[in-house]
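Residue numbers (UniProt numbering), protein chains in the order written: chain A, 1 to 213; chain B, 1 to 87.
Simulated from the structure, these hints should not be mistaken for laboratory data. These numbers were taken from a predicted model, which means no experiment stands behind them. Yeah, the Cβ is synthetic: ideal placement off N, Cα and C, and Gly gets one too. Do not take every clue at face value.
As the list claims (entries may be wrong) - Here are some, though not all, of the chain A residues that point toward chain B, as calculated from beta-carbon distances under 10 Å:
1) Val-146
2) Arg-147
3) Lys-151
4) Leu-166
5) Asp-174
6) Ala-212
One letter stands for each residue in the lines below.
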Amino acid sequence: MPHDHHDHDELSPSGHPYRADQDGPLSYWQVMEIAVRELMIEKGVTTAEAVSAQIEAMDARNPAHGAAVVARAWVDPAFRARLLADGSAACAEMGFDVGPMRLIAIENTADVHNVVVCTLCSCYPRNLLGLPPDWYKSRAYRSRTVREPRKVLSEFGLELPAGVTLRVHDSTADMRYLVVPARPEGTADLSEADLAALVTRDAMIGVGVAKAP
Amino acid sequence: MLDKVRVRTWAPPGHVRTPSYLRGKIGEVERTLGPFGNPEQLAYGLRADPLALYRVRFRMGDVWGADAERPEDVLEAEIYAHWLEPV
Numbered sequence: 001m002p003h004d005h006h007d008h009d010e011l012s013p014s015g016h017p018y019r020a021d022q023d024g025p026l027s028y029w030q031v032m033e034i035a036v037r038e039l040m041i042e043k044g045v046t047t048a049e050a051v052s053a054q055i056e057a058m059d060a061r062n063p064a065h066g067a068a069v070v071a072r073a074w075v076d077p078a079f080r081a082r083l084l085a086d087g088s089a090a091c092a093e094m095g096f097d098v099g100p101m102r103l104i105a106i107e108n109t110a111d112v113h114n115v116v117v118c119t120l121c122s123c124y125p126r127n128l129l130g131l132p133p134d135w136y137k138s139r140a141y142r143s144r145t146v147r148e149p150r151k152v153l154s155e156f157g158l159e160l161p162a163g164v165t166l167r168v169h170d171s172t173a174d175m176r177y178l179v180v181p182a183r184p185e186g187t188a189d190l191s192e193a194d195l196a197a198l199v200t201r202d203a204m205i206g207v208g209v210a211k212a213p
Numbered sequence: 001m002l003d004k005v006r007v008r009t010w011a012p013p014g015h016v017r018t019p020s021y022l023r024g025k026i027g028e029v030e031r032t033l034g035p036f037g038n039p040e041q042l043a044y045g046l047r048a049d050p051l052a053l054y055r056v057r058f059r060m061g062d063v064w065g066a067d068a069e070r071p072e073d074v075l076e077a078e079i080y081a082h083w084l085e086p087v
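Kindly generate the complete structure, drawing on both the sequences and the hints.
Structure (structure tokens):
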């Protein structure tokens, strides 16, 4: 070795192998993105600050937005009715813009459980839930959730009783889906904010249920 | 108005938003949405025809036959008007 750079058979101080650096060559589309972005900045169409601000805005979206919508639906029957009738309009009322994609809210009841998947790609209500989890985009989740959804749910720790009908929503086109989980028992005295804390991302995808208080 | 519909069994090349596993399957229109631009044109930067979009509800037993995990469970998907034929 010309210098004392460690080789990759070494272990870290914690006894694990070092992970290889991820600096392989750029893909075709990565090169395309960089080229278009740099050209647009050079030509004054946009600025680096505007690009960073947009990335920050995307990262700021998170499941707390969806949870606030669900909690409002739990405490306000008129809002719940408006949410189920027109998801986009109801979210806009709360100040959450769902963008060009329309939102459909679907409610879990004692008889029906809903779960959302996008078999074709990874459509997801990002404005309400933020970026989708990696598993949502995996081929395994996308193909198995339409084929053997009960088995998939059981792997998430959710065993549906035989009497409950499962409704799988394949988000194939222009709509985005938000599952409104059932309100847990024993929450009659909780505030809207405390209720929102029970609403997990997975419950709003339908692979889980709301937490118990 | 559409009620019972069959998804066409076309297999065109290019960008299509009708999942293969539903082609030829029979379901019922759950609600009508749109109009939205035809994604098969939008994907190529073409002027897109406005199309009705139907949410179609399928019984799992009608999609997967005897292999269905629980035939009474349902699957709902959005299918553009030109991909549906009345039954």
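Checklist entry - At a threshold of 10 Å, is the proposed contact between Ala-212(A) and chain B supported by beta-carbon distances? => result violated, 26 Å
Checklist entry - Given Asp-174(A) as an interface hint, is the shortest Cβ-Cβ distance to chain B below 10 Å? => result This hint holds: Asp-174(A) lies near chain B, its Cβ roughly 5 Å from the closest one there, short of 10 Å.
Next on the checklist: So, as I understand it, the hint says Arg-147(A) touches chain B; can you test that by seeing if any CB pair is closer than 10 Å?
Outcome noted: Interface hint status for Arg-147(A): holds (7 Å vs cutoff 10 Å).
Checklist entry - Was the hint right that Leu-166(A) lines chain B, CB cutoff 10 Å? => result Hint holds; Leu-166(A) Cβ to chain B Cβ min 4 Å, cut 10 Å.
Item to check | Evaluation of the interface hint that places Lys-151(A) against chain B, nearest CB under 10 Å | outcome: holds, 7 Å
Checklist entry - At a threshold of 10 Å, is the proposed contact between Val-146(A) and chain B supported by beta-carbon distances? => result Holds. Min distance 6 Å.
In the structure shown, a violation is registered for the earlier hint numbered 6 alone.
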